[in-house]
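Q: Each chain is listed here by its residues.
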Amino acid sequence: SQQGEEDPQALSIQEGENATMNCSYKTSINNLQWYRQNSGRGLVHLILIRSNEREKHSGRLRVTLDTSKKSSSLLITASRAADTASYFCATDARSTLTFGKGTMLLVSP
Amino acid sequence: KAGVTQTPRYLIKTRGQQVTLSCSPISGHRSVSWYQQTPGQGLQFLFEYFSETQRNKGNFPGRFSGRQFSNSRSEMNVSTLELGDSALYLCASSLETLYNEQFFGPGTRLTVL
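Top to bottom, those sequences are chains R and X.
Residue numbers are given in our numbering: position 88 of the first sequence equals residue 1037, and the series is strictly consecutive.
Residue numbers are given in our numbering: position 96 of the second sequence equals residue 394, and the series is strictly consecutive.
Simulated from the structure, these hints should not be mistaken for lab results.
No residue lacks a Cβ here, since even glycine has one placed at the ideal position from N, Cα and C.
There's no promise every hint is true.
Unchecked claim - Ranges between beta-carbon positions, derived for each pair:
no.: 1; chain 1: R; residue 1: Gly989; chain 2: X; residue 2: Thr336; range: 18 to 24 Å
no.: 2; chain 1: R; residue 1: Asn967; chain 2: X; residue 2: Ser368; range: 28 to 34 Å
no.: 3; chain 1: X; residue 1: Arg353; chain 2: R; residue 2: Ala1027; range: 38 to 44 Å
no.: 4; chain 1: X; residue 1: Asn357; chain 2: R; residue 2: Ser961; range: 30 to 36 Å
As the list claims (entries may be wrong) - Keeping only pairs whose Cα atoms sit at most 25 Å apart, straight-line, the calculated SDA-like set for lysine to any residue is:
no.: 5; chain 1: X; residue 1: Lys355; chain 2: R; residue 2: Leu997
no.: 6; chain 1: R; residue 1: Lys1005; chain 2: X; residue 2: Glu399
no.: 7; chain 1: X; residue 1: Lys355; chain 2: R; residue 2: Arg999
Said to hold, decoys possible - Some chain X residues near chain R, calculated using beta-carbon distances under 7 Å:
no.: 8; residue: Gly340
no.: 9; residue: Phe343
no.: 10; residue: Thr395
no.: 11; residue: Leu396
no.: 12; residue: Glu399
no.: 13; residue: Pro404
Could you put the whole structure together from the sequences, leaning on the hints where they help?
A: Below is the structure:
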């Protein structure tokens, strides 16, 4: 089974709205990363949060990490059509980097 | 700096054949990792190379192998291809470790007939 599981599997919103996607994992981690993948730019690193951090911001992105619940959330504020993509969390465990199945985000103009 | 490049971009092979994919990392990056992406299994880690040595390995059969050269360029080989090997193969590079920010190439789309 996947170490990281994103929720929801798909999300459809209007431009300007906020989008929240969640990631749950099973084993202890050192870091958790979020990546975005779309047809135009491929897979791109968004943000990394370490296990001793609770929250991190980067532009319109806000990531939280709750190690007690083994979960993370990615918030995209004031979404744009260009944010349409699949979003993956990636966790380090057992000497591998494990990606979840992803959340497909559709932002409509 | 130039990004991660992968060749070829598209490949069609038949069952039983073997294939070699190539990856050139960003200049100065010493860690190169390979991933397989399929609709059913998603993104799965194959292996990581650092300083010409395989440092980490995912849960794939021995038909999947790789190597890294002294200039950090990497190749991945799949022998005795199966239909299920049809996938997008992604290469990623980072400065020192796959556990930090990685830069991904555009991928090689492999189709096995």
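Q: Are the hints correct? Go through all of them and say.
A: Hint-by-hint comparison with the structure:
At roughly 21 Å, the beta-carbon separation of Gly989(R) and Thr336(X) lies within the given 18 to 24 Å, and the hint holds. Remark: the range hint 28 to 34 Å for Asn967(R) to Ser368(X) is contradicted by a beta-carbon distance near 48 Å. Against the hinted window of 38 to 44 Å, the Cβ-Cβ separation of Arg353(X) and Ala1027(R) comes to about 40 Å, which satisfies the hint. The hinted range of 30 to 36 Å is satisfied by Asn357(X) and Ser961(R), whose Cβ atoms lie roughly 34 Å apart.
Our distance criterion of 25 Å between C-alpha atoms is met by Lys355(X) and Leu997(R), whose separation comes to about 22 Å. Under the criterion of a C-alpha separation no larger than 25 Å, the hint pairing Lys1005(R) with Glu399(X) is consistent with the structure, at around 15 Å. A distance of roughly 22 Å separates the Cα atoms of Lys355(X) and Arg999(R); the hinted pair therefore holds under the 25 Å criterion. At a threshold of 7 Å, the smallest CB-CB gap from Gly340(X) to chain R is about 5 Å, leaving the interface hint in force.
For Phe343(X), the interface hint holds, since its Cβ comes within 7 Å of a Cβ in chain R; the closest pair sits about 5 Å apart. Given the 7 Å rule on beta carbons, the hint for Thr395(X) is violated: about 9 Å separates it from the nearest Cβ of chain R. A distance limit of 7 Å between C-beta atoms decides the matter here; for Leu396(X) the minimum to chain R is near 5 Å, and the interface restraint holds. The interface hint given for Glu399(X) holds, since its Cβ lies 5 Å from the closest Cβ of chain R, which is under the 7 Å cut-off.
With its C-beta approaching chain R no nearer than about 5 Å, Pro404(X) sits inside the 7 Å limit, and its interface hint holds.
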